[in-house]
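These protein sequence lines map, in sequence, to chains Y and H. Position one of the first sequence corresponds to residue 1 (our numbering), numbered consecutively onward. Position one of the second sequence corresponds to residue 1 (our numbering), numbered consecutively onward.
Rather than coming from a laboratory, the hints here were simulated on the basis of the structure. Treat the numbers as computed from the prediction; the structure is a model and nothing was measured. Take these hints with a grain of salt, some might be off.
Derived EDC-like pairs: lysine to aspartate or glutamate, alpha-carbon spacing no greater than 16 Å straight-line [as the list claims (entries may be wrong)]:
1. Y:K383 to H:E384
2. Y:K383 to H:D232
3. Y:K376 to H:E409
4. H:K410 to H:E238
5. H:K236 to Y:E389
6. H:K398 to Y:E389
7. Y:K268 to H:E384
8. Y:K380 to H:E238
9. Y:K2 to H:E336
10. H:K9 to Y:E324
11. H:K440 to H:E409
12. H:K431 to Y:E390
13. H:K236 to H:E384
14. H:K148 to Y:E390
15. Y:K380 to H:E384
16. Y:K376 to H:D390
17. H:K410 to Y:E372
18. Y:K380 to H:D232
19. H:K148 to Y:E389
20. H:K99 to H:E117
21. H:K385 to Y:E324
22. H:K431 to Y:E126
23. Y:K380 to H:D390
24. Y:K383 to H:E238
25. Y:K376 to H:E336
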Amino acid sequence: MKSLRRYIDRIKPHFEKGGKFEKLQSTFEGFETFLFVPDRVTTSGSHIRDSIDMKRTMIVVVIALLPALLFGMYNSGYQHFLATGDTRPFWPVLGYGFMQVFPLIVVSYVTGLTIEFIFAQIRGHEINEGFLVSGMLIPLVMPVDVPLWMVAVSTAFAVIIGKEVFGGSGMNVLNPALTARAFLFFAYPAEMTGDQVWIAGMKQGTGIPDGYSGSTALGELAQNLTGRIPADLDSFLGFIPGSVGETSKLAILIGAFILIYTGVGSWKIILSVFAGGLFMGLVFNAFAANEYMALPAYKHFLLGGFAFGAVFMATDPVTASQTETGKWIYGILTGMLAILIRVLNPAYPEGMMLAILLMNVFAPLIDYYVVESNVKRRLKRLKRSRMVEEGKHNPE
Amino acid sequence: MSRVFSVRKGLNISLAGRAEKVFAKVEPSDLYALKPPDFHGLVPRLQVKEGADVKAGSVLFTDKNRPDICFTSPVSGKVTSINRGERRIILEVVVKADKDNVYETFRTGDPFTMSREDIVDNLLKSGLWPVLRQRPYNIIANPRDVPKSVFISAFDSAPLAPDYDFIIMGMEEDFQAGINVLSRLTPGKVHININDEYPASTAFSQARYAQVNRFRGPHPSGNVGVQIQRVDPLNKGEIIWVLNVQDVVTIGRLFKTGKYDLSRVVALTGSEVKNPRYYRTTGCSSIHHLVRDNVREGQNRYISGNVLTGTRIASEGFLGYYDSQITVIPEGNHFEFLGWAMPGFNKYSASRTFWSWLLPRREYVVDTNLHGGQRAFVLTGLYEKVFPMDIHPMQLLKAIMAEDIDQMEKLGIYEVAEEDFALCEFVDPSKTEMQALVRKGLDTMIREMS
Numbered sequence: 001m002k003s004l005r006r007y008i009d010r011i012k013p014h015f016e017k018g019g020k021f022e023k024l025q026s027t028f029e030g031f032e033t034f035l036f037v038p039d040r041v042t043t044s045g046s047h048i049r050d051s052i053d054m055k056r057t058m059i060v061v062v063i064a065l066l067p068a069l070l071f072g073m074y075n076s077g078y079q080h081f082l083a084t085g086d087t088r089p090f091w092p093v094l095g096y097g098f099m100q101v102f103p104l105i106v107v108s109y110v111t112g113l114t115i116e117f118i119f120a121q122i123r124g125h126e127i128n129e130g131f132l133v134s135g136m137l138i139p140l141v142m143p144v145d146v147p148l149w150m151v152a153v154s155t156a157f158a159v160i161i162g163k164e165v166f167g168g169s170g171m172n173v174l175n176p177a178l179t180a181r182a183f184l185f186f187a188y189p190a191e192m193t194g195d196q197v198w199i200a201g202m203k204q205g206t207g208i209p210d211g212y213s214g215s216t217a218l219g220e221l222a223q224n225l226t227g228r229i230p231a232d233l234d235s236f237l238g239f240i241p242g243s244v245g246e247t248s249k250l251a252i253l254i255g256a257f258i259l260i261y262t263g264v265g266s267w268k269i270i271l272s273v274f275a276g277g278l279f280m281g282l283v284f285n286a287f288a289a290n291e292y293m294a295l296p297a298y299k300h301f302l303l304g305g306f307a308f309g310a311v312f313m314a315t316d317p318v319t320a321s322q323t324e325t326g327k328w329i330y331g332i333l334t335g336m337l338a339i340l341i342r343v344l345n346p347a348y349p350e351g352m353m354l355a356i357l358l359m360n361v362f363a364p365l366i367d368y369y370v371v372e373s374n375v376k377r378r379l380k381r382l383k384r385s386r387m388v389e390e391g392k393h394n395p396e
Numbered sequence: 001m002s003r004v005f006s007v008r009k010g011l012n013i014s015l016a017g018r019a020e021k022v023f024a025k026v027e028p029s030d031l032y033a034l035k036p037p038d039f040h041g042l043v044p045r046l047q048v049k050e051g052a053d054v055k056a057g058s059v060l061f062t063d064k065n066r067p068d069i070c071f072t073s074p075v076s077g078k079v080t081s082i083n084r085g086e087r088r089i090i091l092e093v094v095v096k097a098d099k100d101n102v103y104e105t106f107r108t109g110d111p112f113t114m115s116r117e118d119i120v121d122n123l124l125k126s127g128l129w130p131v132l133r134q135r136p137y138n139i140i141a142n143p144r145d146v147p148k149s150v151f152i153s154a155f156d157s158a159p160l161a162p163d164y165d166f167i168i169m170g171m172e173e174d175f176q177a178g179i180n181v182l183s184r185l186t187p188g189k190v191h192i193n194i195n196d197e198y199p200a201s202t203a204f205s206q207a208r209y210a211q212v213n214r215f216r217g218p219h220p221s222g223n224v225g226v227q228i229q230r231v232d233p234l235n236k237g238e239i240i241w242v243l244n245v246q247d248v249v250t251i252g253r254l255f256k257t258g259k260y261d262l263s264r265v266v267a268l269t270g271s272e273v274k275n276p277r278y279y280r281t282t283g284c285s286s287i288h289h290l291v292r293d294n295v296r297e298g299q300n301r302y303i304s305g306n307v308l309t310g311t312r313i314a315s316e317g318f319l320g321y322y323d324s325q326i327t328v329i330p331e332g333n334h335f336e337f338l339g340w341a342m343p344g345f346n347k348y349s350a351s352r353t354f355w356s357w358l359l360p361r362r363e364y365v366v367d368t369n370l371h372g373g374q375r376a377f378v379l380t381g382l383y384e385k386v387f388p389m390d391i392h393p394m395q396l397l398k399a400i401m402a403e404d405i406d407q408m409e410k411l412g413i414y415e416v417a418e419e420d421f422a423l424c425e426f427v428d429p430s431k432t433e434m435q436a437l438v439r440k441g442l443d444t445m446i447r448e449m450s
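Here chain Y stands alone, though its shape is the one from the complex:
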């Protein structure tokens, strides 16, 4: 690695101010710090620092997403061949899925990172690592058949309007990956909903069985077709149609474990989203005015993007509540809203996306009240001590 380091040191002056390529300084720095943790030492405050940095944090999230991604690839192939009626061995199935999903990832990363690099250069900042995660999340929340240009457009929208206009990573109000999905959902509803999009290669091409429906369970439920939801085990393992990363609850559970164990994701949020969802589901069960309301509450966790949203989207630390008490409130409301939207509004079969985005908007308000209660406690203490003080001066 010494020769690489020497090479970097040699070309570095060209990228510094006044060099030939000073316009690419942020880009160069991005790659340099990617290859080598910098030699910068502490100058003020604590002389030692934790080994963790933003890159490490983000890479942990990406690792936590890998099980969902790999299964998503396999399932894309599996669903395709299931629909066409072919039976194929494991590798060709995975291979087909890989060919469907990999381009989505490439497009999302290339689009997003290009914009990030440009903004970093304009602002004279280092590259923010936030997009390492967003870039992986975006393909995972898309239907596998979404056209690549739409991925590019929605990613660009999410990064520019969702993040950079607010000041970049750490300043955004809405979760960027969900912003991308919501953009497509409202701009190109035909490509994001309905029966045609969830299984790869079903819109055109040969071998499509007549009268085939590849709708998701939630789509069916929204039409009160409760009889057609898949078996619990299939939903848990993930052999159902749906967005790329959301189908396997097992893979998501592994991811959740990694996030919680490393301390990167907030267990409070994950737990409280499920608690909120369960509560709302039970409330509906109690009324059970229609078949959807009567759907056993736990089944909501197995269907659609609820689990994926709870583990990977609601926990985004920038857009979630930032106070510890606030996290409980934020999580419970997110879970409740998601089920509420699912069951009561058939226009939006998947409630999770809107629930999280809505709570992203309300998170600062929740934090405000949590912080305010701390302030009130302090003022009360001050008042009490003043009263004691006065009592001392006037013994009456």
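Place chain H on chain Y using the hints.
Positioned in the frame of chain Y, the structure of chain H alone reads:
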């Protein structure tokens, strides 16, 4: 009966190089220096010239804004140099010691028969006043104030910190004498806070004219700010004075003998020290005689104080005014190939993002590398895990960044000092300079409130 307070949040960073509980013998240094930057916000007015002869207790400089606060020489000898920095700021006033220490004489007496005025005057004249620091703001106490209480943390929970129960051996009487003096300075109580997890020296646990409180839990349970918030929280407009254990001893000696006797015990610690031990030396002494031939090869950082809050000094630099610890750790000015992606079996982290959690209870050698670049705040909940006060740390820091005075006050700026944010700064993946930020906030408040 003393109350027990449990501190649940915090972090004990397990570092290599804890001082062995042995008093090592070493020839005393002949160079001593008083460093104005040790006293935040001080504008010094020099009272001596280079070449002047001084005794232990002779005034070297005074506070320009509060001229009755004197800073006096720790030993007798000759002022050899006055070292200045940028814009001629005085960095060090160096005194070369004589063979035998000659002392200025100050008043002796029983604090219980002296008037409070005389006690304050004796502390001011002898140069011992600056050991009293006030909360809020963490600056030298104002002689005109009357604090609602006085706090002494009798244990230091910081990494590799010296053990005061060990240090105090042989100085128990002077400590009590110091407590007697302090009890006259406040109408309230003198609080001595001890660690409940092991038996404390009787000098602390059985001290008279003071209230003893017991604390359990990880660092920062030994931080006096944390203790104040639990025992006697500071409200707006109130003042509490704090001081270190060894300074209590020095005050006791002054009132018994009339001498400004700055002898103290210093722990030499850190992974790069060959024989980490305790030394009997004098405050403000050069550390050269302690670290010479006792430190491993390589580029090292010398710190007066602990790794979290200490001050960087040179290998022949001087012990800080408030410090009883010297730490030597390796510098981290090297690149690391894909360091953020490696498993990291030997990397210390409070999170479990490195594989080092597989091998717990180990002592780590941690260098000064920053391990990353500065970013905006992204992760949340991390700081709260190591911050045991009833304050929202991130929100307070953001208020300081925004210079929102009203909000800073509401969120508890009066209750904190830089050191309370040291652990937050350590765990921060965004590498924010939090202690500097808190200091900036405190300075803003001082400006606004005066």
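Straight-line alpha-carbon gap K268 of chain Y to E384 of chain H, limit 16 Å: Status holds; Cα separation ~14 Å.
16 Å Cα cutoff - pair K236 of chain H, E384 of chain H: Violated, at roughly 23 Å.
Satisfaction of hint between E389 of chain Y and K236 of chain H, Cα-Cα up to 16 Å: Since the Cα atoms of K236 of chain H and E389 of chain Y sit roughly 13 Å apart, the hinted pair holds (cutoff 16 Å).
Straight-line alpha-carbon gap K380 of chain Y to D232 of chain H, limit 16 Å: Holds, at roughly 14 Å.
Pair hint K148 of chain H and E389 of chain Y, alpha-carbon separation not exceeding 16 Å: Holds, because 11 Å separates the two Cα atoms, which is no more than 16 Å.
Holds or violated: K380 of chain Y to E238 of chain H, with C-alpha atoms at most 16 Å apart: 15 Å, holds
Proposed proximity, E324 of chain Y with K9 of chain H (alpha carbon, max 16 Å): 13 Å, holds
Straight-line alpha-carbon gap K376 of chain Y to D390 of chain H, limit 16 Å: 12 Å, holds
Pairwise hint evaluation, E384 of chain H against K383 of chain Y, where the allowed Cα distance is 16 Å at most: This hinted pair is violated, its Cα atoms lying about 27 Å apart.
Restraint status (C-alpha distance of K380 of chain Y to D390 of chain H at most 16 Å): Roughly 14 Å separates the two Cα atoms, so the pair holds.
Hinted pair K99 of chain H and E117 of chain H, Cα distance within 16 Å: 35 Å, violated
K383 of chain Y paired with E238 of chain H [C-alpha distance capped at 16 Å]: 12 Å, holds
The structure does not agree with the numbered hints 1, 6, 12, 13, 15, 20, 25 stated previously, though it agrees with the rest.
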